[in-house]
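Asks: Below, each chain spelled out in residue letters.
2 protein chains.
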Amino acid sequence: MKNRGRLIVISGPSGAGKSTVVFKAIEGRTDVCFSTSVTTRKPREGEVDGREYFFVDLERFQEMVDHDELLEHAEYVANSYGTPRAYVEQQLNAGLNVLLDIEVQGARQIHEKMPEAIMVFIIPPSLDELKRRLEGRGTDTARAIEARLIRARQEYQEASFYNYLIVNDDADHAAKELDAIITAEDCRFSNRKTWLELP
Amino acid sequence: MKNRGRLIVISGPSGAGKSTVVFKAIEGRTDVCFSTSVTTRKPREGEVDGREYFFVDLERFQEMVDHDELLEHAEYVANSYGTPRAYVEQQLNAGLNVLLDIEVQGARQIHEKMPEAIMVFIIPPSLDELKRRLEGRGTDTARAIEARLIRARQEYQEASFYNYLIVNDDADHAAKELDAIITAEDCRFSNRKTWLELP
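Heads up: the sequence lines are chains A and B, in that order.
The first sequence begins at 108 in the numbering used here and counts up one residue at a time.
The second sequence begins at 108 in the numbering used here and counts up one residue at a time.
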């Protein structure tokens with residue numbers, strides 16, 4: 108029988124490059140799938156509904172909260188984000204590891220409910236680089252960027268319950284580290300059943 | 108300033124293929140070095156003094172024990188094994204991770220003295236395969252092989268304090284897992300200092 112899969116929670120400041128790292132890391136892995144979050148935020152240019160996020164309006168989001176359809180949910184810079192529960196449960200039961208890209212508030216909810224979840228925090232290599240990336244997007248006002256920078260430091264200070272920290276100075280290198288973390292966690296002594304346990 | 112390196116302890120039954128896995132895993136890594144153990148056992152064919160082991164006589168071994176020159180030492184199938192302390196300390200202080208291939212008794216001593224050491228247990232894919240590998244060596248009598256098989260199961264039962272378990276069904280795959288474990292452990296949140304901690 109296959110073991111139940113494990114949750115891998117990825118967080119980090121907006122502009123840390125999480126999506127790129129995540130998709131590079133799980134490319135070619137058949138044991139990991141990505142859980143797409145729902146959000147009330149408007150799509151950015153190039154974002155596709157169902158790929159980066161499921162984009163919903165506030166009314167539908169509230170309905171999902173009321174019907175307990177979300178594993179966690181949180182507000183972040185005036186938008187709501189959540190993780191659809193059904194998909195995650197289904198994949199875990201099928202023995203797949205499920206990767207979530209969520210905010211620290213939601214991550215804390217997961218960590219408390221499922222202490223065995225693997226928590227990974229990704230940060231950009233420097234404050235200047237974070238600023239540069241946020242400005243490069245051209246989607247935020249100067250004030251929104253300032254809010255994100257303050258928020259980044261706050262999040263980091265709240266992130267001491269994470270197991271791993273990846274500094275994304277190079278997406279390929281960061282993806283290799285995330286890949287290694289997933290592989291290493293599969294090698295946990297407590298996760299593996301072996302022939303030596305047979306009587 | 109560089110962080111102090113970490114100890115990575117590898118154990119597993121004789122015939123698990125530990126040496127091959129270890130040398131494949133650290134090939135090309137500049138952040139890991141291998142600590143060669145001392146032993147009173149006679150060299151097997153092809154083994155080189157200072158590579159697989161430092162081969163010493165019982166008198167010299169006892170002298171090392173008496174002078175506290177060994178980080179751990181243990182007896183295994185009527186031979187003595189130990190880890191020279193000076194080399195390990197020197198490498199750790201230089202920021203290198205140090206890999207030890209030692210028996211479970213010695214590993215327990217390390218685990219108690221240095222709970223932050225990373226403990227990895229390597230086993231062969233099956234009892235039949237273990238038997239086949241030990242017989243293939245042609246160095247042990249049937250009785251010695253029987254003793255090793257009994258010992259293998261005992262060791263495994265005592266090994267629940269290990270962090271990771273690798274099943275060596277294929278040396279390249281097993282080496283990739285060990286490599287991933289070393290990389291992942293370097294990503295531990297508590298190990299990494301970052302720019303976000305600056306005031």
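Since the hints were made in silico from the structure, they are not lab data.
It is possible that some hints are incorrect.
Stated by the list, open to error - Selected chain A positions facing chain B (Cβ under 8 Å, derived; list incomplete):
hint : residue
1    : 155
2    : 157
3    : 160
4    : 165
5    : 261
6    : 269
7    : 271
8    : 296
9    : 299
10   : 303
To be verified - Derived EDC-like pairs (lysine to aspartate or glutamate); straight-line CA-CA distance at most 20 Å:
hint : chain 1 : residue 1 : chain 2 : residue 2
11   : B       : 300       : A       : 276
12   : A       : 220       : A       : 265
13   : A       : 131       : A       : 276
14   : B       : 131       : B       : 277
15   : A       : 283       : B       : 173
16   : A       : 283       : B       : 279
17   : B       : 300       : A       : 170
Ideal Cβ placement from N, Cα and C applies to all residues, glycine included.
Asks: None of the hints should be skipped; say for each whether it holds.
Replies: Each hint tested on the structure:
no., hint, verdict
1, 155, "30 Å, violated"
2, 157, "30 Å, violated"
3, 160, "26 Å, violated"
4, 165, "32 Å, violated"
5, 261, "10 Å, violated"
6, 269, "5 Å, holds"
7, 271, "4 Å, holds"
8, 296, "5 Å, holds"
9, 299, "5 Å, holds"
10, 303, "4 Å, holds"
11, B:300 x A:276, "14 Å, holds"
12, A:220 x A:265, "17 Å, holds"
13, A:131 x A:276, "14 Å, holds"
14, B:131 x B:277, "12 Å, holds"
15, A:283 x B:173, "45 Å, violated"
16, A:283 x B:279, "17 Å, holds"
17, B:300 x A:170, "42 Å, violated"
In this structure, the earlier hints numbered 1, 2, 3, 4, 5, 15 and 17 are contradicted, and the remaining ones agree with it.
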